[in-house]
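Undergrad: Listed below, chain by chain, are the residues.
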Amino acid sequence: MTETNIIEISGVSKRFGNFVAVDNLTLDLRQGEFFSLLGPSGCGKTTALRMIAGFEEPNEGSISIDGQNMEGIPANKRPTNMVFQSYAIFPHLDVGNNVAYGLRNRGISKDEIDTRVSEALEMVELGGLQRRGADELSGGQRQRVSLARALVMRPKVLLLDEPLSALDKKLREQMQFEMRHLQRSLGITFVMVTHDQYEAMTMSDRIGVMFNGKLMQVDSPETLYAKPCNREVASFIGEMNFLPAKIKSENKGTLSVTTACFAELTIERNPNVSTHGGSILVGIRPEQLEISKVEPDGYDATVQGEISDIAFYGENIHYHVRVPGIAKPIAASVPNYFHTVDFRRGEKVWLGVQNTSVIDLGKENN
Amino acid sequence: MKRFSGLQTYAVLYLGFLYLPVLLLPLFSFNDGTIVAFPIKGWTLEWYRQLGDQDMLIRALRNSLMVGGISALVATAMGLFAARAYVRYNFRGKGFSEGIVMLPLVVPGIIVASSMLILFISMGLKPSLSAVILGHIFLALPFSVSIMKSAFDNFDVSLEEAAFDLGSSVFETFRRVTLPIVAPGIISSLLVSFTVSFDEFVLAFFLSGNEPTLPVYIWSQIRFPAKLPNTLALGSLLLLASVMLLVIAEFFRRRSSKSLV
Chain A
1 MTETNIIEIS
11 GVSKRFGNFV
21 AVDNLTLDLR
31 QGEFFSLLGP
41 SGCGKTTALR
51 MIAGFEEPNE
61 GSISIDGQNM
71 EGIPANKRPT
81 NMVFQSYAIF
91 PHLDVGNNVA
101 YGLRNRGISK
111 DEIDTRVSEA
121 LEMVELGGLQ
131 RRGADELSGG
141 QRQRVSLARA
151 LVMRPKVLLL
161 DEPLSALDKK
171 LREQMQFEMR
181 HLQRSLGITF
191 VMVTHDQYEA
201 MTMSDRIGVM
211 FNGKLMQVDS
221 PETLYAKPCN
231 REVASFIGEM
241 NFLPAKIKSE
251 NKGTLSVTTA
261 CFAELTIERN
271 PNVSTHGGSI
281 LVGIRPEQLE
291 ISKVEPDGYD
301 ATVQGEISDI
311 AFYGENIHYH
321 VRVPGIAKPI
331 AASVPNYFHT
341 VDFRRGEKVW
351 LGVQNTSVID
361 LGKENN
Chain B
367 MKRFSGLQTY
377 AVLYLGFLYL
387 PVLLLPLFSF
397 NDGTIVAFPI
407 KGWTLEWYRQ
417 LGDQDMLIRA
427 LRNSLMVGGI
437 SALVATAMGL
447 FAARAYVRYN
457 FRGKGFSEGI
467 VMLPLVVPGI
477 IVASSMLILF
487 ISMGLKPSLS
497 AVILGHIFLA
507 LPFSVSIMKS
517 AFDNFDVSLE
527 EAAFDLGSSV
537 FETFRRVTLP
547 IVAPGIISSL
557 LVSFTVSFDE
567 FVLAFFLSGN
577 EPTLPVYIWS
587 QIRFPAKLPN
597 TLALGSLLLL
607 ASVMLLVIAE
617 FFRRRSSKSL
627 V
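Residue numbers (my numbering), protein chains in the order written: chain A, 1 to 366; chain B, 367 to 627.
Hint data in this document are derived by calculation from the structure and do not stem from the laboratory.
Take the hints with a grain of salt, since some may be wrong.
Claimed, not checked - Partner residues aside, some chain A positions facing chain B, computed with beta carbon under 7 Å:
{"no.": "1", "residue": "Q68"}
{"no.": "2", "residue": "N69"}
{"no.": "3", "residue": "I73"}
{"no.": "4", "residue": "A75"}
{"no.": "5", "residue": "F84"}
{"no.": "6", "residue": "A88"}
{"no.": "7", "residue": "N97"}
{"no.": "8", "residue": "G102"}
{"no.": "9", "residue": "N105"}
{"no.": "10", "residue": "S109"}
{"no.": "11", "residue": "Y198"}
Source: prediction; values computed, not measured.
We put the beta carbon where it would ideally sit given N, CA and C, even for glycine.
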């Protein structure tokens, strides 16, 4: 991957009446990457995508694509193409004519259109289905036609608005891999909007997390999971136990903190966090906690508690452990191999944690 | 089988009362006699044959076809754009304007007719077929707007956005995507608007001057008892044509609201 920027968004805001949909968004997208905008519904991610596509004009700020300022350039003149959430397959056209639709706007010869349409259909594994009617397609096929129709235009950037949300779970997982492969082999920049963290994590090179119109953090899936910048991001990506903590001493790269349940922890300072203070929030992923009947050896901090709830997920089991001093039970997940762990509700157990598993989330409510 | 309840009996009687008189029209149009009364004297197609010889009738029919055709085209074109705006956009005065468009459905025809006559004359437009066309567009508009609204209701906005995104201009998007998708609605609206105009009497009576439309011509003929069987034959043909047009219109209207999810 080269480091040239294909899209540069700087200081972009979009208001609908008094509602601020996108608030001062600055973001650079790299040539050839798979980028996801992730956030809950209404966070402004779709508005941001539609501004890149040219369906909405920003109130402030500028967007440039491939070095060209897009101000005043309508969607039909931009080097982007979009896959819509509803797929927007033209109901009066068959598959071939749906895919050929955009090419016909470009004065390309009929032979070349035919060649490119069949190539595009091969690419999405719908080879030879040119004459299939729009109403004879399954959900997955509609999605593929929609992809082919956009990719046949050879856009500089492909925009995808919740492309998998209309598919059932099995098909969705299959399409995640297919779209990822497609993107790698074509080398086109994909920008996807989704509210599904797993979708974003499995497909993307980088993810931007948005809340209430603001971009909170942009990072690789691994970094987002390991070093989220605040409580909101941490709770949106995966599961997390949150513990209020008091800072006892600060060193260059580490913080010494105490929590109500784990007495002494020396944790790494999180570079993504903007502000610290006397009291901070720390997070621990459920799978990072050891759970056992006797106090576990070799852990940096331990606490005893009582199991209040058990959730069985198949591949792993979540135990909710009530510990003194913390209102919400702490979740600990255990992989379900060989059924070696089998606790009951009300049983007394020990939780153990390593310093490296505790994530600094900065000053609470920032 | 379920027994007939009181309400079902009532419904059957009601429908009979409503539609049996209409069926008398074709029945007597085949009657071999000039007096419209039972018993039927014999069966003949003579009255239908005579229709073709009457120049004034042919002329009135031509007038009606022209008025109906033009009114349908204009009302449907206006309805198409108005309905798209009503369904797609929110703007100030939307509810008010929709109400105004629907008004002709409830305002008594005689009031519309007399006020239009006064208005047109004061504007210098003499009673003529042009005046009738203007009046009929006004009457047909609520029908075309509501038919086109139902065509746009199930029309996914992103279809137009997709076409635009794929490089079509606004006009091309309308021609290649919007128009074909709402085509069944357009056909339905054309047929219904045409029927509204073709059957309309009051406005045409006030505004047509010396170029009668078919209903006005029929009215003028009813005064002559000898011509009555001819009028019955003509009426029966019109009835048949109207029913057929409306059935076809309904077929297209249903297709337009079903196929576009």
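Undergrad: For each hint, tell me whether it holds in the structure or not.
TA: The hints, checked one at a time:
no.: 1; hint: Q68; verdict: 17 Å, violated
no.: 2; hint: N69; verdict: 19 Å, violated
no.: 3; hint: I73; verdict: 13 Å, violated
no.: 4; hint: A75; verdict: 5 Å, holds
no.: 5; hint: F84; verdict: 4 Å, holds
no.: 6; hint: A88; verdict: 4 Å, holds
no.: 7; hint: N97; verdict: 10 Å, violated
no.: 8; hint: G102; verdict: 3 Å, holds
no.: 9; hint: N105; verdict: 4 Å, holds
no.: 10; hint: S109; verdict: 16 Å, violated
no.: 11; hint: Y198; verdict: 25 Å, violated
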